[in-house]
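Participant: Below, each chain spelled out in residue letters.
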Amino acid sequence: MSKPPEPILQIKDITKIYPGEGKSTTVLDHISFDVYKEFLCIVGPSGCGKSTLLRIIDGLDKPTGGQVLFHGQPITSPSPKIGVIFQTFALIPWKTVLGNVLMAISSASIQKEEQLKIAQKYIQDVGLEGFESSYPKELSGGMKQRVGIARALALQPEVLLMDEPFSSLDALTAENLRREVVEIWRDPAYPTGSVIMVTHNVQEAVEMADRVIVLSARPAKIVDDVKIDLERPRSPRDPTLYDLADRIISKIS
Amino acid sequence: MASYSAGRRVSFFTKIFVGGIAVVAVGVLIAELLTGAVAPDCSPQSIHPLDPLCIPGYAVRTLARMTIAYAFALGFALTYGIATAMSHRASHVLLPLLDIFQSVPVLGVVPVVFLIILGTGANPPVFNQEVASIILIFTAMAWAPTFGVIAGINAIPIDIKEAAHAYGMHGSRYLRQIVLPAVFPELVWSSILAWGGGWYLIPVEEHLSFGPPPNQTQVDLPGIGRYIALAALKADLGLALFGLIVLVGIILAIDRLIWKPLGVRAEKYKYETVAAPRTTATRQSSVVAGVRRYEDRLVSPVLTFFKSERYYAARVLEITRLKRIRHITERLRFPERITRIPLWGRLLSYTIFIGLVILGLIVTIISRSQSIESGISLLATDVTAFELVVITVLSLSRLIIAYAIALSWTLGAGILIARSQRLSRLLVPIFDIGQSIPATALFPLVVILLVDPFKNSPYLGFTLNLASVLLILTGMQWYLLFNIVGAVNGVPNDILEATTAYRIRGRRFVKEILIPASFPAILIGSIQAWGGGWNALIVSEYIGPNANVPGLGSFLVQASTRNPALATVEIYASLLVMTATVLIINRLVWRRLLRKADRYKFEA
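Chains as they are written, first to last, in the working numbering: chain A, 1 to 253; chain B, 254 to 857.
I should point out that these hints are in silico values taken from the structure, not numbers from a laboratory. We put the CB at the ideal spot given by N, CA and C, even for glycine. One or more hints might be untrue.
[Stated by the list, open to error] Derived lysine-lysine pairs resembling DSSO-like cross-links, with alpha carbons at most 27 Å apart:
hint, chain 1, residue 1, chain 2, residue 2
1, A, K95, A, K37
2, A, K137, B, K764
3, A, K137, B, K708
4, A, K95, B, K854
5, A, K95, B, K849
6, A, K12, A, K227
7, A, K81, B, K764
8, A, K81, A, K23
9, B, K764, A, K117
10, B, K764, A, K112
[As the list claims (entries may be wrong)] Going by beta-carbon spacing under 10 Å, a handful of chain B positions derived as facing chain A:
hint, residue
11, G665
12, P745
13, A751
14, T753
15, A754
16, I757
17, V763
18, I766
19, D851
20, Y853
Whenever a hint applies, use it, and build me the whole structure from the sequences.
Facilitator: Next up, the structure:
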């Protein structure tokens, strides 16, 4: 019998309460789970605190109670081993594509030339070759999110966090980008082992994930933790996916 | 709950301030009632014109002048604005003309108006003095609401216009039901600016003398501005400060009691398509809640003042300021439109402007029964074009120094405010009060502190230049500060999170994020600041016959004390040079940079 693998991330008893005038709002209610080398999706009704949870995992937000352990060490501020992709892309308008990607790695102690090489490699990998000196305003939504993905990958992160990465895109672009993201994650050339993606699109979650964590409406609690053992590559039109999605949706509503 | 207590501290400060003014006002009123039998003599001939008991009467007179001028400005704005916005052809001329008009430094108009209305008699009738004063305040008030009306009409979405036409709304019905409601919010925000412009003139235009010394024309109107000016002449620091505090109290009271509630109400009339500055969702919702509570209390605005929770008062203060900044931003979009106007329109508008100047020149000179030629030939012999260039350069260098100081401190303060919520809560209300003090009202204080003590010392030249730069600074800095603070607060939350997630901190954060993000705001603030600076320049260079520094401003003021025929031509000449310089700098520097600024804007 082999030893069970060590979890990469441990989310321990996370609670988040927003103080208000008079009464406070509990957003996250004692959330605990472990993350291994896997593609994990967190789904839940809108406004349930999924994004807050993701921000806490990255150290962008502080929990009211509980902690997040990364290889056993508590996370208090953003780590260079964790990359983030935003729903609104969060590109700096006055930096070029190259500048936006470089921004992620420029605080690391790597030589300038090496930084440039890394940035260019990932810009190529997401299919943006030739757009290095374009500004975000000149790009379409899908291309902007590709910049966001290249920026996160350039960190060569162990964990990739994605906050509704496809909700600002049109349906066709989103479908293509979903497939590409899964391919990149499965490619052994990339060091990224764990992906945590937050989404309210259950169909998208079952299509991409190995495991789906289902949160309830506010205050969010874990209502289900679903393993998805379907073979990859998966077709988004696979009927078993619809069945799985239906089961999850019935848990939420 | 640290944030709550910080908010409390701030409004506690405001409360004490406002409360203090109320107590003083009530005290003065009671004192006046008690001493009713021995009411002070507050007429211009009085031997004790600085009796503090005269203050309520003075305030009423000043306010009456402001209100009348505002009514005219409002009428002008609606007529001119609606004409500009409704007729495409008319806008080709009216827009650039408006741009020229607002580039004329208002204080430079003072001698011209006085020359036209009052002539050179030693004691002009009080009625004429009042008329001249109201016209002056009007010139300071008219432009902002006009731009506001145009912006408001332009903001009407096309579908609304089409719907109105589809349902047969034409003429006055369209005006009443579509145009006026659309214009209302812009009108409120620009009225705040207009009143600010009016207050700026008050300390200057109520007590003035010009003309050659033996038979000087004296303007002497009872009012708060005259009170401050007289206190300064007597070098009475205490009374000058007292007048200043009363003036600021009145300004703040009007701002809080009239404009802010009106502004909150005006937001209901806004079309949703107008992009609001992006703040975090949580911040926005609490602002909305604050506004709602604020509106509930509109029934008794006075009670709002003293009873309201400090927490939300500070909140409302914050949004109204943001709105004001946004209004200004919209107003500054006009330069872009003006560049797209056909050449004929531009030429025609310049011709009209120059025609008006010539007309004014003729009217003034004829009214003094002197020929134009003698005036112009006098100008040629008395002052060379070279001299005008030299003094323009001298004035410009003062403006540049003041601008450099203003830009560096406001950028620093803006960054500090952005980095620390606590500092922001502490500093912003202080800055708010600071900017509500009309820069001209500070002049007497500067004279008392920097000029009088050095009268007979060799350092006078230095202190005079210092005083001049300082005064220009007071006219410049607030525009920059509030624009920068607005920009720094307007950095979208997702960008902030991305920079945190990718660990861009400290100096890099300032250099790569904050400064580029405030670049468009710095430009916009700079245009306004230079406008304010030119205005301040006119009074800052000439403090008295024995206390002045060479420059365009003192040239203009001194011109009015010379030979009358020469004076007229000189006044017009310097006014034209000043307007031309403002227009050239706007075109060569700011508009070019503004075109580049597009990249630094966040997408809506």
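Participant: Can the restraint linking K764 (chain B) and K112 (chain A) be considered satisfied, given a maximum Cα separation of 27 Å?
Facilitator: holds (18 Å)
Participant: Does I766 (chain B) meet its interface restraint, that is, does its C-beta lie within less than 10 Å of any C-beta in chain A?
Facilitator: holds (7 Å)
Participant: Please verify whether K764 (chain B) and K117 (chain A) have alpha carbons no more than 27 Å apart.
Facilitator: holds (24 Å)
Participant: Does K854 (chain B) sit within 27 Å of K95 (chain A), going by the straight-line distance between their CA atoms?
Facilitator: Given that 27 Å is the threshold and the Cα spacing comes to 12 Å, the pair holds.
Participant: Is the Cα-Cα distance between K81 (chain A) and K764 (chain B) 27 Å or less?
Facilitator: Holds, because 25 Å separates the two Cα atoms, which is no more than 27 Å.
Participant: Against chain A, is I757 (chain B) within 10 Å by beta-carbon distance?
Facilitator: This hint holds: I757 (chain B) lies near chain A, its Cβ roughly 7 Å from the closest one there, short of 10 Å.
Participant: Given the hint that K137 (chain A) pairs with K764 (chain B), test it: the Cα-Cα distance must not exceed 27 Å.
Facilitator: Since the Cα atoms of K137 (chain A) and K764 (chain B) sit roughly 21 Å apart, the hinted pair holds (cutoff 27 Å).
Participant: Verify the proposed pairing of K95 (chain A) with K849 (chain B), using a straight-line Cα cut of 27 Å.
Facilitator: holds (14 Å)
Participant: Please work out if K137 (chain A) and K708 (chain B) have their alpha carbons no farther apart than 27 Å.
Facilitator: violated (60 Å)
Participant: Using Cβ atoms only, decide whether A754 (chain B) comes closer than 10 Å to chain A, and label the hint accordingly.
Facilitator: A754 (chain B) check passes; min Cβ-Cβ to chain A is 4 Å, inside 10 Å.
Participant: Does D851 (chain B) meet its interface restraint, that is, does its C-beta lie within less than 10 Å of any C-beta in chain A?
Facilitator: Hint on D851 (chain B): holds, closest Cβ of chain A at ~8 Å, below 10 Å.
Participant: With a cut-off of 27 Å on the C-alpha distance, tell me whether K95 (chain A) and K37 (chain A) pass.
Facilitator: Roughly 34 Å between the alpha carbons, so the hint for K95 (chain A) and K37 (chain A) is violated.
Hint compliance for this structure: hints 1, 3, 8, 11, 17 are not met, and every other hint is.
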